[in-house]
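Engineer: Residues per chain are reported as follows:
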Amino acid sequence: MPKTILTVDDAATMRKMVAFTLKGAGHEVLEAQDGTVALSVLQTRAVDLVLTDINMPNMNGIELTRRLRALPSFGRTPIILLTTESDPGKKAEGRSAGATGWIVKPFSQEQLLAIVAKLLPS
Amino acid sequence: MLGSLKWPPLISGHDGGLCPPEFLPLFNQLREAKFNLQQASGGLEQQFLATSSELETLAGIGNRFVQQVERLVGLATGKGCDGSAFSGAIQLIEQSTEFLAGCQTQTEQTLEQLRDYSAKIKNLLGVENELQRAMLPLKFVQTLFKSECAPLGLETQQMFHSLTHEIEGMHGQVRDIFGTKFQQLQQTQSTLRQVIAQLDRQAGSLRQVTAANKAHIESTLATLKIELEANQKRDLRLSRLTRDVAREVEQIVMGLQFQDIVNQKMLHVTEALPQIEAKFAEFKNAANASGAIEPTQFLHQCCRLNAGQLLAAQEELASAEKSIQEGIQKVLARMTEIDSECLSLEDFKVLTTSFDGIVQVLVETFEQIRTMVDETVARAAEAYEILRPLGSLASDLTAIVRRMSAQIHLIGLNAEVQATRAAEDSRGAGLVVLSARTSEISRETNNISEVAAAQLDALVAGLTGTVKAFGQLRADGLARQTVLNQQGGAEEEQLHEFRNGALATLREMGDSLDAIRTQSHRTLDTVQFTQFHQVTLPELRSPLVAIAETAERWLQTHGCGLAQVSLMEGFKSNYTMASEHAVFASVTPSIPSDGPPSATAAPSPVEIGLPGESHSCTPEKAEAPPVEAVSAAAGGSGLGANVELF
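Here the protein sequences line up with chains A and B, keeping their order. Per my numbering, the very first residue in the first sequence carries number 1; after that it's consecutive. Per my numbering, the very first residue in the second sequence carries number 1; after that it's consecutive.
One chain only, chain A, in its complex shape (with noise of 0.2 Å):
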């Protein structure tokens, strides 16, 4: 069944390579280049999940977790940070902003439909 997932990237290359991967897996994508802007598009539109980068201008994606889960609409809702970073420092900040996973750039095609798939169950 299709999901509609919101993919935050300050690279515009990476949020369309993300989206090329979830619309060929038949999935709606939202797209957002940063924090502030991921969380405007979410006061409108509802979503399954969120991949988030890290670092990114204006509000990173650490922060734009702990936004959202203080959202009570977004208690349950997947957060996973899709990041070149694998630190394992960043990695426990995440976790306690309220993350559901990690995935370390770069990850293949597959592996990120398979979280999506085990994330979202249809």
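Just so you know, these hints were derived from the structure itself, not from any lab. C-beta: ideal position from N, C-alpha, C; glycine also. Mixed in with the good hints there might be a few duds.
Using C-beta positions, here's what the derived DEER-type ranges look like [stated by the list, open to error]:
(1) A/A92 to B/G559: 54 to 62 Å
(2) B/H521 to A/P121: 35 to 43 Å
(3) B/A490 to A/T44: 42 to 50 Å
(4) B/E271 to A/T44: 31 to 39 Å
(5) A/R69 to B/E493: 30 to 38 Å
(6) A/T44 to B/G42: 50 to 58 Å
(7) A/A92 to B/A278: 28 to 36 Å
Following the hints, put chain B in place on chain A, whose structure we already have.
Structural biologist: Leaving out everything else, chain B in the frame of chain A:
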């Protein structure tokens, strides 16, 4: 984006006596390279974006091609026709053939009945002779009555005249029946013979055509089945090749992630450059050698570290470029392979022609069946129209014969009464004899009439059933005609659509193949990161390497140690990528890296040489997803080592 800067002013001033003479130009070179890097970064990002757009288009065409091939393979292997296109048509033809076979049986049974009726009519026509023969003596009896009555009284004469008159009237009736009604019966029998002959021919033709059609359809379906089976084998190859194209494109798209990785490294290098410049200022302004040691050690380590970062980025970028280009080349190679599979495509064309053939056969069969049903309906209607008045005629005849029979019976009775009276009066023995004879003829005629009436009764009953059967056959035929016109029309339309769809898919596939080839070349044209990884990055790395070497020489000249890695702690904490940790660990080997091994870098010591030298810190293959690389992240999610679900 790394931001943009104005052209930097050159560093100038005295060397303070401690500064090696080559330092100033190196730092100026570094500033210039930094500026160029900042300028080039935006271009690189745009280029990646353009590549991703082109790849997206390529993937779209690739997916379309896969769908087209799947559609055609579906048609060629029968997946598209078993359940829909052919089965409905075949079912309708089979049902109609069965209907016609039923008509044939019914027609043959009716033929038997009609032959029987014909025989019965022939028998009835024979009644004429019998009646004529039986009634012939009445003429003489009438004449004799006249001569025998002459000597008798008026009353007796009148009685026998009256009897004679009745006999004459009956004669007239018999003439009328034989002259008109039996002639009609005779004509009907002749028409019936023609109907029988027509129905006979039709039954034979129906039998022949049904058998021929059935055989033709069976043979065509058998041929189709063989072709479909052969195609299933061919299509496996084509499907595999086509899927490979789509997979290749997907892998290429994933290679675009390196833009993000390279971008982050560039960001860290850019952040380090002001610190290098600041330390250089410290070095220049140091009052003495001892005050210059720490800045020099920092310059040595920091330049090595960032040169390592740049080398890793340079090679990652080169590798990404190579991977994307190779991927597209693979796509083009697959295209060539698909081209070489043209035999299969040719086969598809042949098969499509055979689809065309079977569609034609089915359509023609529909037409034949329609014609046969039309003929059946027409014959049934004709027979119905002929037989319906025949029944009525037979009924009329029965009534007439019965009436005639009753009259003859009455004449016979009357004759007996008159004869008895004449005998009682002893007025003529001749009249007694004549009356007895009249009565005898009357009984005989009556018997013949009763037999004929009974035969006519049977004929009427049979004809009523037959007429009803023909009426039903005509109604069934009309219903079948409606089905053939409506359902058959829809089936024909579907068959035509099916054939046109197959031909259109073939054309679309050809277009897609051309489009993939064109788009692959277009994409290749956008994947040009060479300037960045062969010029821009080496230009920045070169002064860093030279500064590190100069700093090292200075430290050696002044008898100082090189390792002051604690100066790099700030960088270490800033490095968040696994590949950066690897670079850090390689450049500062005395401090173990607390990060995971690099996703894209080998753990061996980083070399900071110039282009063309061996660079062991960069990945062998950028496109290979480092699933196993990030060991620290291997959280047992079963999704790969770089994935962890909390």
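Engineer: Compare the structure with each hint and give your call.
Structural biologist: Hints and how they fare:
1. As the Cβ distance of A/A92 to B/G559 is approximately 44 Å, the hint placing it in 54 to 62 Å is violated.
2. For B/H521 and A/P121, the hinted distance range of 35 to 43 Å is satisfied, since their beta carbons lie about 42 Å from each other.
3. The beta-carbon spacing between B/A490 and A/T44, approximately 47 Å, falls within the hinted interval of 42 to 50 Å.
4. Separated by about 36 Å at the C-beta atoms, B/E271 and A/T44 satisfy the suggested range of 31 to 39 Å.
5. Separation of A/R69 from B/E493 is about 59 Å and departs from the stated range, judged on CB atoms against 30 to 38 Å.
6. Between A/T44 and B/G42 the beta carbon distance is about 31 Å. The supplied range of 50 to 58 Å is therefore violated.
7. A hinted range of 28 to 36 Å for the beta carbons of A/A92 and B/A278 is consistent with their spacing of about 32 Å.
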